[in-house]
Amino acid sequence: KAGVTQTPRYLIKTRGQQVTLSCSPISGHRSVSWYQQTPGQGLQFLFEYFSETQRNKGNFPGRFSGRQFSNSRSEMNVSTLELGDSALYLCASSLFGVTGSYEQYFGPGTRLTVT
Amino acid sequence: GDSVTQMEGPVTLSEEACLTINCTYTATGYPSLFWYVQYPGEGLQLLLKATKADDKGSNKGFEATYRKETTSFHLEKGSVQVSDSAVYFCALSDQAGTALIFGKGTTLSVSS
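Just so you know, the sequences run in chain order R and D.
If you read the first sequence in our numbering, its first letter stands for residue 1, the second for the next number, and so on.
If you read the second sequence in our numbering, its first letter stands for residue 1001, the second for the next number, and so on.
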């Protein structure tokens, strides 16, 4: 079974621009979560989507948004980029397990550099 | 709020040495607990999990036991290999089960 795929793998943008990142979950997984990884703040949860609905959101400004499509693919968008948005953005998909734990499987990430 | 604290690295070991990476958590309720591993330039890989007290997760020689009384989930391996060199993250699921809360990560470096 193919894993979580993220595109693009690398991006360089200029401050003030906007960016869209894409994530395709593992086949059959309907939940997609996004995380930001930086050296200073570590791994931080951005938001989670299930069946095209945002169910959970982390503590990030409104410049960060996302959506999910009917085929479970997800995109996240960051508007008005700031230097501090430079990070590795990780997408994870999950399937509700029989034990009730949401094991999350991560993609390779998109490395965003804002100059 | 919920949080995870894990030992600061880096941890430097010789091949075949024993490994323990400490992880403690603060949470309301009874979260599921996870260890993830990140190799250079890659995303996170699920290493093992435990969903209730006294559960032991194990994979590839790594083990961790969910200890409710000490709110801990320490990662152990009896004999590390050079290929185990990576960053290890302890995590718990939030109450909704839709988000993971991670520790800061521990870098492990194993030399031959």
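Treat the hints as calculated values from the structure; they're not laboratory data.
Even for Gly, the Cβ is constructed at its ideal location relative to N, Cα and C.
Please note that a few of the clues may not be correct.
Stated by the list, open to error - Over 10 angstroms on every C-beta distance to chain D, these chain R residues come out as not near it, computed from the model: (1) PRO8; (2) ARG15; (3) GLN18; (4) THR20; (5) SER22; (6) SER27; (7) GLY28; (8) PHE45; (9) PHE50; (10) PHE69; (11) ARG73; (12) LEU90.
Claimed, not checked - Subject to a maximum C-alpha distance of 30 angstroms in a straight line, what follows is the list of computed DSS-like cross-link-like pairs (lysine-lysine): (13) R:LYS57 x D:LYS1068; (14) D:LYS1060 x R:LYS57; (15) D:LYS1052 x R:LYS1; (16) D:LYS1104 x D:LYS1068; (17) D:LYS1077 x R:LYS1; (18) D:LYS1077 x D:LYS1104; (19) D:LYS1060 x D:LYS1077; (20) D:LYS1060 x R:LYS1; (21) R:LYS57 x D:LYS1077; (22) R:LYS13 x D:LYS1068; (23) R:LYS1 x D:LYS1056.
Claimed, not checked - Pair by pair, the computed Cβ-Cβ distance ranges are: (24) R:LEU95 x D:PRO1040: 21 to 29 angstroms; (25) D:THR1071 x R:SER70: 23 to 31 angstroms; (26) D:GLU1063 x R:LYS57: 33 to 41 angstroms; (27) R:ARG63 x D:SER1014: 45 to 53 angstroms; (28) R:ARG73 x D:ASP1054: 25 to 33 angstroms; (29) D:GLU1016 x R:LEU83: 41 to 49 angstroms; (30) R:PHE60 x D:SER1079: 26 to 34 angstroms; (31) D:CYS1018 x R:TYR10: 18 to 26 angstroms; (32) R:SER70 x D:GLU1008: 43 to 51 angstroms; (33) R:ASN77 x D:TYR1039: 22 to 30 angstroms; (34) R:ASN77 x D:LYS1056: 22 to 30 angstroms; (35) D:LYS1052 x R:GLU52: 41 to 49 angstroms.
Outcome of the hint check:
In this structure PRO8 of chain R is separated from chain D by more than 10 angstroms, as the shortest Cβ-Cβ distance comes to about 14 angstroms. Under the 10 angstroms C-beta cut-off, the non-interface status given to ARG15 of chain R relative to chain D holds; the minimum distance is some 25 angstroms. For GLN18 of chain R, the non-interface assignment is confirmed: its Cβ lies about 24 angstroms from the closest Cβ of chain D, beyond the 10 angstroms cut-off. The claim that THR20 of chain R lies off the interface holds: its Cβ sits roughly 19 angstroms from the closest Cβ of chain D, which is beyond the 10 angstroms cut-off.
A cut-off of 10 angstroms between C-beta atoms confirms that SER22 of chain R is not in contact with chain D; the least separation is 15 angstroms. Here SER27 of chain R stays apart from chain D, with its beta-carbon at least about 17 angstroms from theirs, past the 10 angstroms limit. With a closest Cβ-Cβ approach of about 17 angstroms to chain D, GLY28 of chain R is found to remain outside the 10 angstroms limit, as its non-interface label requires. For PHE45 of chain R, the condition that its CB be more than 10 angstroms from all CB atoms of chain D is violated, with the nearest at approximately 4 angstroms.
With a cut of 10 angstroms on Cβ distances, PHE50 of chain R falls inside the contact zone with chain D, its closest approach being about 7 angstroms. Distance to chain D confirms PHE69 of chain R as a non-interface residue, since its nearest Cβ pair spans about 18 angstroms, more than 10 angstroms. Residue-level check passed: ARG73 of chain R sits 17 angstroms from the nearest beta carbon of chain D, beyond 10 angstroms. With a least CB separation of 6 angstroms from chain D, LEU90 of chain R falls inside the 10 angstroms interface cut-off, contrary to its annotation.
Between LYS57 of chain R and LYS1068 of chain D the CA atoms are separated by roughly 27 angstroms; this keeps the pair inside 30 angstroms, and the hint holds. Note on LYS1060 of chain D and LYS57 of chain R: the hinted pairing is violated, with a Cα-Cα distance of about 33 angstroms set against a maximum of 30 angstroms. A hinted pair counts as satisfied when its Cα atoms are at most 30 angstroms apart, and LYS1052 of chain D with LYS1 of chain R qualifies at roughly 28 angstroms. The hinted pair formed by LYS1104 of chain D and LYS1068 of chain D meets the criterion: a straight-line CA distance of about 21 angstroms does not exceed 30 angstroms.
About 29 angstroms separates the Cα atoms of LYS1077 of chain D and LYS1 of chain R, which keeps this hinted pair within 30 angstroms; it holds. Restraint check for LYS1077 of chain D and LYS1104 of chain D: satisfied, since their Cα atoms lie roughly 20 angstroms apart, inside the 30 angstroms limit. Note on LYS1060 of chain D and LYS1077 of chain D: the hinted pairing holds, with a Cα-Cα distance of about 9 angstroms set against a maximum of 30 angstroms. For the hint pairing LYS1060 of chain D with LYS1 of chain R, the CA-to-CA distance comes to about 21 angstroms; that is within 30 angstroms, so the pair holds.
At roughly 35 angstroms between alpha-carbon atoms, LYS57 of chain R and LYS1077 of chain D are farther apart than 30 angstroms, so this suggested pair is violated. With a C-alpha separation of about 45 angstroms, the suggested pair LYS13 of chain R and LYS1068 of chain D falls outside the 30 angstroms cut-off, and the hint is violated. Restraint check for LYS1 of chain R and LYS1056 of chain D: the C-alpha separation of about 27 angstroms stays at or below 30 angstroms, so the hint holds. At roughly 28 angstroms, the beta carbons of LEU95 of chain R and PRO1040 of chain D sit within the given window of 21 to 29 angstroms.
The given range of 23 to 31 angstroms is broken by THR1071 of chain D and SER70 of chain R, whose C-beta atoms sit roughly 41 angstroms from each other. The beta-carbon spacing between GLU1063 of chain D and LYS57 of chain R, approximately 34 angstroms, falls within the hinted interval of 33 to 41 angstroms. Between ARG63 of chain R and SER1014 of chain D the Cβ separation comes to about 47 angstroms, which falls inside the hinted range of 45 to 53 angstroms. Look at ARG73 of chain R against ASP1054 of chain D: about 39 angstroms separates their beta carbons, and that is not inside 25 to 33 angstroms.
Against the hinted window of 41 to 49 angstroms, the Cβ-Cβ separation of GLU1016 of chain D and LEU83 of chain R comes to about 44 angstroms, which satisfies the hint. The supplied range of 26 to 34 angstroms is broken by PHE60 of chain R and SER1079 of chain D, whose beta-carbon atoms lie about 41 angstroms from each other. Distance hint check for CYS1018 of chain D and TYR10 of chain R: the Cβ-Cβ separation is about 38 angstroms, which falls outside the suggested range of 18 to 26 angstroms. Taking 43 to 51 angstroms as the suggested C-beta distance range, the pair SER70 of chain R and GLU1008 of chain D conforms, at roughly 44 angstroms.
The hinted window of 22 to 30 angstroms between ASN77 of chain R and TYR1039 of chain D holds, with their beta carbons roughly 29 angstroms apart. About 41 angstroms separates the C-beta atoms of ASN77 of chain R and LYS1056 of chain D, a value inconsistent with the hinted range of 22 to 30 angstroms. Distance hint check for LYS1052 of chain D and GLU52 of chain R: the Cβ-Cβ separation is about 31 angstroms, which falls outside the suggested range of 41 to 49 angstroms.
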